[in-house]
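There are 2 protein chains.
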Amino acid sequence: MSSGYKSWILLTGFILFYVAYLLFGAFVFSTIERPVEDKLKRDIQVLKEEFLNQSCVNATSLENFLEKVLQANKYGVSILPNSSASSNWDLASSLFFANTLVTTVGYGHTTPLSDTGKAFSIFYALLGVPFTMLVLTACVQRLMHLVTYGPISMCRQKIGMDPLAATAVHFAILLLVVVLGFFVVPAVVFSYIEDTWSFLDAIYFCFITLCTIGLGDYVPGEKPGQNFRSLYKISVMVYLFVGLMMMYLVLRAFHRMADLHGLTSFFQLPHCDEDIEEDKEPIIEAGPEDQHEAEASAKPLDPASHTSYNTINR
Amino acid sequence: MSSGYKSWILLTGFILFYVAYLLFGAFVFSTIERPVEDKLKRDIQVLKEEFLNQSCVNATSLENFLEKVLQANKYGVSILPNSSASSNWDLASSLFFANTLVTTVGYGHTTPLSDTGKAFSIFYALLGVPFTMLVLTACVQRLMHLVTYGPISMCRQKIGMDPLAATAVHFAILLLVVVLGFFVVPAVVFSYIEDTWSFLDAIYFCFITLCTIGLGDYVPGEKPGQNFRSLYKISVMVYLFVGLMMMYLVLRAFHRMADLHGLTSFFQLPHCDEDIEEDKEPIIEAGPEDQHEAEASAKPLDPASHTSYNTINR
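Residue numbers (the numbering used here), protein chains in the order written: chain A, 2 to 315; chain V, 2 to 315.
Be aware that one or more of the hints could be misleading.
Since copy identity is lost for identical chains, a pair holds within one copy or between any two.
Dumping the calculated DSS-like pairs for lysine-lysine here, alpha-carbon to alpha-carbon at most 30 Å [claimed, not checked]: (1) Lys159 with Lys49; (2) Lys75 with Lys159; (3) Lys42 with Lys7; (4) Lys69 with Lys7; (5) Lys7 with Lys40; (6) Lys69 with Lys42; (7) Lys159 with Lys40; (8) Lys75 with Lys42.
These are computed hints drawn from the structure, not numbers from a lab.
Owing to the predicted nature of the structure, the values given are computational and were not obtained by experimental measurement.
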């Protein structure tokens, strides 16, 4: 059997396994959430009946009223008196929205109401998403010196550590620092500031945000009468940006470590020889910035050039 | 001034420009959306007063009732009678939710209600997001032959086109096909199926989805009494997956074209020499799959090896 043919069969198997993974997820979510949803549905129906019994409102006029209430709520406009004070479109909130748009997090707790707003969102994200990737990549590139090459090189020179051990220890420490500094500590802070958030809620928020999934069921600074709302929103923006940078940094450090420890082949898909020649550059939604890395990488490396991560570990 | 110093100044300028871009976006969004929001707020208050006047309900009991209604609505449970028939957590909807989670789109139109569901979401996405990137990358790698290398090579051999012209014409055609096939045509279909969606709404949905922003203000198949709901949800999943693949394909074709036309340097950030040596691999949230591309790219290319995209265009 040719390697090309074998590679197609393996890819098919891989896709089938992916479909199975999705189905497994669907099954678990359905099993866990269906009963909770059913209970909530019953509760809300009982609530509605009680409300209708206690008042002289007829069902149809209540439903017409509620339909409009829910419609307005979809656009982030609440009928409740305590939430009408703050706007979703003041400058700080708009900045927060713009930031979640270009980082592809997209909570959707507030969404453009007007057609002009929707059209502007498209054009704004069209430029903003690659621009954000560009800025993030450039920052991560600089941080790699400080956070990865520096410490590893120091470990090797000062303590005389083995290169493989040095990268593994470095990665473990980096991961611990990021998990503590960008998940656990922020979660403690969020669960303290946001009255209704448990610690799990806060960890779930941090994870869903830094993976850019952004479900939007938990959004900081949305409770009525939030103190220092604008400052808080901007702090969350900074957390989001620095957090995304750290996620890329960890991913990059993982790539290097996996490469050095020969784990890469474990994750690799089989591929035809042509692919090796042809697939010269990174793909995934990076900005055009990645391009220069690909170019740089196409150059044969000169091990004698100077002390770099690659030459250190030879 | 050393090149390293200059590069830091340029990076700072770049970041300042990014902050300005965010502020500009915030200003525009605030200007466009604030008046629309204010009008909606006034309308909803008038509606509430009218409802209170016409009925014998007092304001406090109505507000208590509405608070619970809005809380349930946040979890995707509507009080309206026509929406209670379909569940958000049947198998097809759960599959759709799992899919939006692992592709990082995350509409958030339905979100886990229970703590178990939230904890499972974290673990599911932790494995699922890299897995999805891996599958997408592997598929795009195969598609590149069919969609990029093949047609370009044919253009050159059959029509005797100049390599630069061939890649430019190829990219223009690919972009047109993707815009038509994955934005315009799906938008026509969505605006036909979804009664309340205008064509702009549908285009906005396609764009927000395929950028993985996923605001969730427009989600297909959510209207009460949707025909063939499960089939429709699964079709949207397929659209999402294939659409993401096409987005990566276009990005990759753009990288190649920009590289060949010397546009890459235009997008490049200045960087220190060390970076070139050290930044050997792609970063941005790709799966470990990207690693082998980086490895492949670290090899000096042999122009005589065989007919590849790179050798063709020399």
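Verification of the hints:
Taking CA atoms no more than 30 Å apart as the test, Lys159 paired with Lys49 passes in neither setting, with 71 Å inside one copy and 72 Å between copies. When the C-alpha separation of Lys75 and Lys159 is checked against a cutoff of 30 Å, the pair qualifies neither within a copy, at 59 Å, nor between copies, at 55 Å. For the identical chains of this complex, Lys42 and Lys7 are neighbours neither inside a copy (51 Å) nor across copies (61 Å), given an alpha-carbon limit of 30 Å. Proximity of Lys69 to Lys7 under the C-alpha cut-off of 30 Å is found in neither arrangement, the shortest distances being 58 Å within a copy and 57 Å between copies.
Taking the shortest Cα distances, Lys7 and Lys40 never come within 30 Å of each other, neither inside one copy (50 Å) nor across copies (62 Å). Taking identical chains as interchangeable, the C-alpha atoms of Lys69 and Lys42 lie at most 30 Å apart whether they share a chain (20 Å) or sit on different chains (12 Å). Taking CA atoms no more than 30 Å apart as the test, Lys159 paired with Lys40 passes in neither setting, with 62 Å inside one copy and 66 Å between copies. For the homomeric pair Lys75 and Lys42, the shortest alpha-carbon distances inside one copy (19 Å) and between copies (12 Å) are both at most 30 Å.
Checked against the numbered hints above, the structure breaks hints 1, 2, 3, 4, 5, 7 and satisfies the rest.
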